[in-house]
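S.K.: Chain by chain, the residues:
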Amino acid sequence: MAVQEALVTRPVTVSVNGTERSAEVETRLLLVHFLRETLGLTGTHIGCDTTHCGACTVLLDGVPVKSCTVLAVQADGREITTVEGLTPAGGLHPIQEAFSAEHGLQCGFCTPGMMLTSVALLAENPDPTSEEIRWAISGNICRCTGYQNIVKAVQHAAATLKEAS
Amino acid sequence: MYPASFEYFAPTTLDEALEILERFGDEAKVLAGGQSLIPLLKLRVAAPSALVDINRIEGLGELGERDGQLRIGALVRHRTCERSDLLKERYGVLGATAPQVSDPIVRNLGTVCGSVAHADPQGDWGSALLAIGAEVIARGPSGERAIPIDELFNGPFMTALQPTEIVTGIRVADPGPRSSGAYVKLERRVGDFATAAVAVHVSLSNGSIGRAGIALTGVGPTNLKAREAEQALAGAEPTDEAIASAARLAADAAEPLDDNRGSAEYKRNVVRVFTERALRASIAAAREA
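Protein sequences appear in the order of chains A and B. Okay, so the first sequence: first residue is 0 according to numbering that gives the first Met the number 0, each after it adds one. Okay, so the second sequence: first residue is 0 according to numbering that gives the first Met the number 0, each after it adds one.
It should be emphasised that the hints constitute simulated quantities derived from the structure, not laboratory data. Note that the Cβ used here is the ideal one computed from N, Cα and C, for glycine as well. Hints may contain errors.
[Unchecked claim] Computed cross-link-like contacts, DMTMM-like style, restricted to lysine to aspartate or glutamate with a CA-CA straight-line distance of at most 25 Å:
hint, chain 1, residue 1, chain 2, residue 2
1, B, K87, A, E130
2, A, K151, A, E162
3, B, K87, B, D149
4, B, K41, A, D75
5, B, K41, A, D48
6, B, K41, B, D25
7, B, K41, B, E6
8, B, K87, A, D126
9, B, K87, A, E131
10, B, K41, A, E78
11, B, K41, B, D52
12, B, K87, B, E287
13, B, K41, A, E101
14, B, K87, B, E186
15, B, K41, B, D119
16, A, K161, A, E130
17, A, K161, A, E123
18, A, K151, A, E101
19, B, K41, A, E23
20, B, K87, B, D191
21, B, K87, A, E123
22, A, K151, A, E131
23, A, K151, A, D126
[As the list claims (entries may be wrong)] Rough simulated footprint, nothing fancy, chain B against chain A, three-plus residues with beta-carbon under 8 Å:
hint, region
24, 20 to 27
25, 39 to 50
26, 81 to 94
The following block holds chain A by itself, in its conformation from the complex (with noise of 0.2 Å):
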């Protein structure tokens, strides 16, 4: 007989992608699920939900982190940034040009995780040489490009960004 668990909530109230958004959530409900499921932002792709792969990586006050391994209670007064919170009002941004221009993907599921940690690279280290890229990016999984166009997107994003400040 399955035993009955006592239900434990509380409340949490997160800047997601600059809006303030509360919610009463279970204390064990994991990051990935309060932006996907509470919030509807299905951008934050769950891949291996083992710690492993990368996909679902958001930025926590600016820093990459992987929100299934993460409480939603945990991010309670922080900002949580998702690859939707990085498109401006019109257009992309710099690093989802250059996954485009360069092809950076195939099924594309790695590739909001890949962005948010390229940001988060870029924004530490402006021009960083292909091997750092690679140290960077090596928490975030892909299985159809080998890489070689990802690392260029990452390239011609940093060209792009460099050009604009």
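Start from chain A and add chain B according to the hints.
M.R.: Using the frame of chain A, we list chain B on its own:
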């Protein structure tokens, strides 16, 4: 995957956190970076009734030297260690270990102290700290105590820590001049646990080896200190023969098992080869330090 239900506490003081731990005893778990604990909760290998999130407690984020000791606070992330010039320059084995822990995204959240308290025999920090020598500082209901790192690990995922204690930091004595270290790790891919790894710390004294610390990852029920190899090197000239002989002693100290990462024999040989490499690298770097 969903963890089993639990009560969640995010205290803002250590005293408050300790009170909650006392109330729940071994039914509570401390949450720092969560990069080991949350996967265990999801797999329901662990199902505590309470989580005590210490991330909102001030004063646990220190990484620096004070009174001739390095201090690593409970909330210092692997990421911070990886970017620390202090570790690279003065605590070589720690600086070398940081960028080899898991993958960059996990390193953004995971903590050194959490990794040590988790006591995974395949954890990297346990070996690095055994090699250089460290104390784990634990606060409990009756105050603070310092646990020498070589008395911390009792078995896989088992430590000398009480359920009512929180690791507040790690202290490492200044190893002095002419010291360095290395961490040489074999992993099948980034983010995998070590097939085997060797941590080495060396302090030179008038060109000889003053102190050598050697510890092994992934080849025993805990991180293992290769004591006989260390003793053989203490006071020795760093000759090829001395290094090769210490590497053989380190391989003898390993207790590897056959698994999908490799056979016991293979891992033992990796320990021998990596001990040699780590010693050579450490000695060369210590001469420049």
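S.K.: Take the hints in turn and mark each one as holding or not.
M.R.: Against the structure, the hints:
1. As the CA atoms of B/K87 and A/E130 are separated by approximately 20 Å, the hinted pair is consistent with the 25 Å bound.
2. A hinted pair counts as satisfied when its Cα atoms are at most 25 Å apart, and A/K151 with A/E162 qualifies at roughly 17 Å.
3. Note on B/K87 and B/D149: the hinted pairing holds, with a Cα-Cα distance of about 23 Å set against a maximum of 25 Å.
4. Simply put, B/K41 and A/D75 have alpha-carbon atoms about 20 Å apart, close enough for the 25 Å limit, and the pair holds.
5. Pair hint B/K41 plus A/D48 holds up; C-alpha atoms about 9 Å apart against a cutoff of 25 Å.
6. For the hint pairing B/K41 with B/D25, the CA-to-CA distance comes to about 19 Å; that is within 25 Å, so the pair holds.
7. The suggested pairing of B/K41 with B/E6 holds, with an alpha-carbon distance near 15 Å, which does not exceed 25 Å.
8. For the proposed pair B/K87 and A/D126, the alpha carbon gap of about 23 Å is at most 25 Å, so the pair holds.
9. A C-alpha spacing of about 18 Å is found between B/K87 and A/E131, which places the hinted pair at or below 25 Å, so the restraint holds.
10. Of the pairs offered as hints, the one joining B/K41 and A/E78 holds, with about 24 Å between alpha carbons and a cut-off of 25 Å not exceeded.
11. This hinted pair checks out: B/K41 and B/D52 have alpha carbons roughly 17 Å apart, not beyond 25 Å.
12. Between B/K87 and B/E287, the direct Cα distance comes to roughly 13 Å. Compliance with the 25 Å bound is thereby established for this hinted pair.
13. Restraint check for B/K41 and A/E101: the C-alpha separation of about 37 Å exceeds 25 Å, so the hint is violated.
14. At roughly 22 Å between alpha-carbon atoms, B/K87 and B/E186 fall within 25 Å of each other, so this suggested pair holds.
15. About 17 Å separates the Cα atoms of B/K41 and B/D119, which keeps this hinted pair within 25 Å; it holds.
16. Between the alpha carbons of A/K161 and A/E130 the distance comes to roughly 19 Å, so the proposed pair stays at or under 25 Å and holds.
17. A C-alpha spacing of about 13 Å is found between A/K161 and A/E123, which places the hinted pair at or below 25 Å, so the restraint holds.
18. Between A/K151 and A/E101, the direct Cα distance comes to roughly 6 Å. Compliance with the 25 Å bound is thereby established for this hinted pair.
19. Among the hinted pairs, B/K41 with A/E23 is consistent with the structure: their alpha-carbon atoms are about 21 Å apart, no more than 25 Å.
20. A hinted pair counts as satisfied when its Cα atoms are at most 25 Å apart, and B/K87 with B/D191 qualifies at roughly 23 Å.
21. Only pairs whose Cα atoms come within 25 Å are accepted, and B/K87 paired with A/E123 is accepted, the gap being roughly 19 Å.
22. Between A/K151 and A/E131, the direct Cα distance comes to roughly 12 Å. Compliance with the 25 Å bound is thereby established for this hinted pair.
23. Taking the CA atoms of A/K151 and A/D126, the gap is near 13 Å; set against the 25 Å cutoff, the hint holds.
24. A count of 3 residues in the region 20 to 27 of chain A with a Cβ less than 8 Å from any Cβ of chain B is obtained; the coverage claim is therefore met, three being the minimum.
25. Coverage of the region 39 to 50 of chain A by chain B holds in this model, with 3 residues showing a Cβ closer than 8 Å to a Cβ of that chain against a need of three.
26. Counting residues of the region 81 to 94 of chain A whose C-beta lies closer than 8 Å to any C-beta of chain B gives 0; at least three are required, and the coverage claim is violated.
This entry does not satisfy hints 13 and 26, going by the numbered hints stated previously.
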